[in-house]
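Colleague: Sequence:
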Amino acid sequence: LFSLNIDHDQVTASQSQVRRPAYKDQVSFVSLNIDHDQVTASQSQVQGIPTFLIKKDGQVVSHMGARPKPKSGLGRAPTM
278 LFSLNIDHDQ VTASQSQVRR PAYKDQVSFV SLNIDHDQVT ASQSQVQGIP TFLIKKDGQV
338 VSHMGARPKP KSGLGRAPTM
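Under my numbering, the first residue of the sequence shown carries the number 278, and numbering increases by one thereafter.
Source of the hints: derived by calculation from the structure; they are not laboratory data. A portion of the hints provided could be inaccurate.
Pair by pair, the computed Cβ-Cβ distance ranges are [stated by the list, open to error]:
hint, residue 1, residue 2, range
1, P347, D302, 22 to 30 Å
2, P347, S305, 31 to 39 Å
3, D302, R344, 19 to 27 Å
4, V307, P345, 34 to 42 Å
5, D334, S308, 17 to 25 Å
6, S305, I326, 15 to 23 Å
7, D312, S339, 21 to 29 Å
8, D302, K348, 41 to 49 Å
9, I326, P347, 16 to 24 Å
10, D302, K346, 33 to 41 Å
11, K348, P327, 30 to 38 Å
12, V316, K348, 21 to 29 Å
No residue lacks a Cβ here, since even glycine has one placed at the ideal position from N, Cα and C.
Let the hints inform the model, and build the full structure from the sequences given.
Modeller: Here it is in C-alpha cells:
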C-alpha cells in the first residue's frame with residue numbers, strides 16, 4: 278500500500294476529487310497543514326509547498342516538491 282501526502286490547500290478541489298476514486302484501494306491521499314503542524318512538516322523535510330511524499334510500508338521512497346532557492350554569495354564582493 279502506498280501513501281501520498283499532499284497539501285490540498287495548493288490543489289483545487291476538482292483535481293483532488295478526480296484522482297482519488299481511481300486509486301482509492303491502492304493509495305492514501307493525506308494532507309498536512311504545515312502552519313498548524315510544523316513539527317511533522319519538519320520531520321518530513323517539507324521545505325516548500327506543494328510537497329509530495331510517496332511512502333511504501335511507512336518509509337519515504339520518493340520526495341518531490343518546491344525547494345527554496347539556494348543562497349549564493351551573501352551579497353559581498355570578494356576580498357583581495
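Colleague: Can you let me know if the beta-carbon spacing of P347 and S305 is within 31 to 39 Å?
Modeller: The hinted range 31 to 39 Å holds for P347 and S305, with Cβ atoms some 33 Å apart.
Colleague: Is the distance from the Cβ of V307 to the Cβ of P345 consistent with 34 to 42 Å?
Modeller: violated, 23 Å
Colleague: Indicate whether the distance between the beta carbons of D334 and S308 respects the range 17 to 25 Å.
Modeller: 21 Å Cβ-Cβ, so the 17 to 25 Å window holds.
Colleague: Just tell me: holds or violated, for the beta carbon distance of I326 and P347 against 16 to 24 Å?
Modeller: holds, 18 Å
Colleague: Does the beta carbon distance between K348 and P327 stay inside 30 to 38 Å, or does it fall outside?
Modeller: violated, 22 Å
Colleague: Determine whether the Cβ-Cβ distance between V316 and K348 falls within the hinted range of 21 to 29 Å.
Modeller: holds, 25 Å
Colleague: Mind checking the hinted window 41 to 49 Å against the Cβ distance between D302 and K348?
Modeller: holds, 44 Å
Colleague: Looking only at beta-carbon atoms, does the pair S305, I326 fall within the given range of 15 to 23 Å?
Modeller: This hint holds: roughly 19 Å between Cβ atoms.
Colleague: Starting from the hint 22 to 30 Å, judge whether the C-beta atoms of P347 and D302 obey it.
Modeller: violated, 40 Å
Colleague: Could you see if the CB distance from D302 to K346 stays within 33 to 41 Å?
Modeller: holds, 39 Å
Colleague: Regarding D312 and S339, is the given constraint of 21 to 29 Å on their beta-carbon distance met?
Modeller: For D312 and S339 the Cβ distance comes to about 24 Å; the hint holds.
Colleague: Taking the CB of D302 and the CB of R344, does the distance hold inside 19 to 27 Å?
Modeller: violated, 32 Å
Of the hints listed earlier, those the structure fails to meet are numbers 1, 3, 4, 11, in rising order.
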